[in-house]
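Peer 1: So the chains spell out like this:
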Amino acid sequence: MHLSFSSVIEILGIMAFTVSGAFSAMQKRLDVFGVLILGFVTAIGGGTLRDVLIGNTPVSWLRDVNTPLIILGTTIVTIAFKSSVKNLKVTLLVFDALGLGLFTIIGIQKGMAANFNPGICIALGTITGCFGGVLRDMLLNHIPVLFHKELYAVPCIAGGICYILLRAVVEPQIAEGASVVVISAFRILAVRYNWRLPRV
Amino acid sequence: MHLSFSSVIEILGIMAFTVSGAFSAMQKRLDVFGVLILGFVTAIGGGTLRDVLIGNTPVSWLRDVNTPLIILGTTIVTIAFKSSVKNLKVTLLVFDALGLGLFTIIGIQKGMAANFNPGICIALGTITGCFGGVLRDMLLNHIPVLFHKELYAVPCIAGGICYILLRAVVEPQIAEGASVVVISAFRILAVRYNWRLPRV
Amino acid sequence: MHLSFSSVIEILGIMAFTVSGAFSAMQKRLDVFGVLILGFVTAIGGGTLRDVLIGNTPVSWLRDVNTPLIILGTTIVTIAFKSSVKNLKVTLLVFDALGLGLFTIIGIQKGMAANFNPGICIALGTITGCFGGVLRDMLLNHIPVLFHKELYAVPCIAGGICYILLRAVVEPQIAEGASVVVISAFRILAVRYNWRLPRV
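Residue numbers (the UniProt record's numbering), protein chains in the order written: chain S, 1 to 200; chain E, 1 to 200; chain Z, 1 to 200.
Just so you know, the hints here were simulated from the structure itself, not pulled from any lab data.
Any given hint could turn out to be false.
Same chains, same label: a pair holds when it works inside one copy or across any pair of copies.
[Stated by the list, open to error] No farther apart than 20 Å at their CA atoms in a straight line, the calculated lysine to aspartate or glutamate pairs in the EDC-like style are these:
1. Lys110 - Asp64
2. Lys110 - Glu171
3. Lys28 - Asp137
4. Lys149 - Asp137
Quantities reported herein were computed from a predicted structural model and do not represent experimental measurements.
Chain S with its partners taken away, still in its complex shape:
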């Protein structure tokens, strides 16, 4: 099996999103099935919602058994080694930020392939990157952290605008790589310096 650079990032992103969902579920004292579902929903919720809105059905994880297996394996490891996994905080943040970047760009590309308006494409990218976390929070009976605590969407929108602009001037792969870096770096800085949007 040959893995491209972006499939490696995609796998790391799926793993980081799964860990985030699984930990949120463990904090609420769910059982093992609940932890698995929360890992799953966090990892594939955004892309699933995007595919349903576009009409790209069957949604991708139904046709690709690898993603569910990666999520299942990650959840088992997270449950079995929860304290060790917790100590990987910085590593997980980096993977999560890279995943956020890549998922956003994948969402934008799906929108462009369907000839949607660039603004709509950026919205689809943001949904892909962020709405797994929204579904996770809805299932756990929280107001989504994305709406009042965490700066998640702004990096996606900023990186999405970069991507659309860069696509007009450089090769697609360079535009993709640069935009993933913009989103990831922006997200990591937002966590590091606790940046927030103003409340109203």
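Position chains E and Z against the provided structure of chain S, taking the given hints into account.
Peer 2: Chains E and Z alone, transformed into the frame defined by chain S:
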């Protein structure tokens, strides 16, 4: 650009629904991104759910950039002038009620176009009119007000029955206009006199 | 009208799921419309989510007016005779368990018809059987009981594995019947002996 009477009502309805979502979000102290998403979900959630259930994909707002722009503009104005907007209570109620009426009839028409049973068409109309508010309340971690506080669905069902009956005897546009008036007037009276359904 | 054995079980299952949703809604003191919607969502939510993920749209209840009518009738009877219905606890548990079994197998069959991987088919069966209850709990502002209290999914997965294995060796109808019995019996025993999954 030529605007028909019903597109004017549709725009006013989208604006009123957006304001309702944005205000609910501000009450929960969300950040500006959260307020925007709540405005958006309240305005287009019902129609999006309907389109996904029918399989009318890509859902309409992906192909029509005007609706997202109206919602974005309305949210910005709502945030910037929140006290002035709040004072427009009666105006907003009227727009909201007109929007409810028109969205319900649009939903019924989509069901009729797909040759569904009239009862199913009325259900689709009610989903179109009411379920943006249900999604808003789910995201804000409330039990939807539609299920225990507000009389929203009964006007839609009553007006939907009117529409189905009138379609058999008068011209489509007259049936549409009359039913929108029935739904709006019923909804306004329900708010004015605090009508509720019995709890069980 | 000729009713096969599995359509009888399907109707009993829909009725039991509706009663479960309606009772949860009444405990939260919803109004009659809220009780109806909760009955409806609990009964058809799982199959609807499955159909949306696969792209089997319009979802089945839009094209089949009988299911909504059964749900409407069941809700009315549940509201009118709530104390009598409550006393049918054991009967309802049996119907609910039979419904869970049948809905799971129907979901698996839809996955097999679309040529998905067997593991994905079992996931679709579990979604069909269990996610109406998840949507019910989300609407009522609970963490879904399926994720921390009730053993619902494990019987579906166990019965789903049975079904996939039996399909390879016996006739489809025998595989179906046996697997429905496995799921139902497992679920009834789980309730009777209060079996739970470990929390983490």
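Peer 1: The structure should be examined with respect to each hint, and the outcome stated for every one.
Peer 2: Going through the hints against the structure:
In this homomeric assembly, Lys110 and Asp64 come within 20 Å of each other (Cα to Cα) both inside a single copy, at 17 Å, and across copies, at 17 Å. In this assembly of identical chains, Lys110 and Glu171 lie within 20 Å of each other by CA distance solely inside one copy; the values are 17 Å within and 42 Å between copies. With identical chains, the CA atoms of Lys28 and Asp137 are at most 20 Å apart both within one copy (11 Å) and between copies (16 Å). In this assembly of identical chains, the alpha carbons of Lys149 and Asp137 lie at most 20 Å apart whether taken from the same copy (12 Å) or from different copies (19 Å).
The structure agrees with every numbered hint stated previously.
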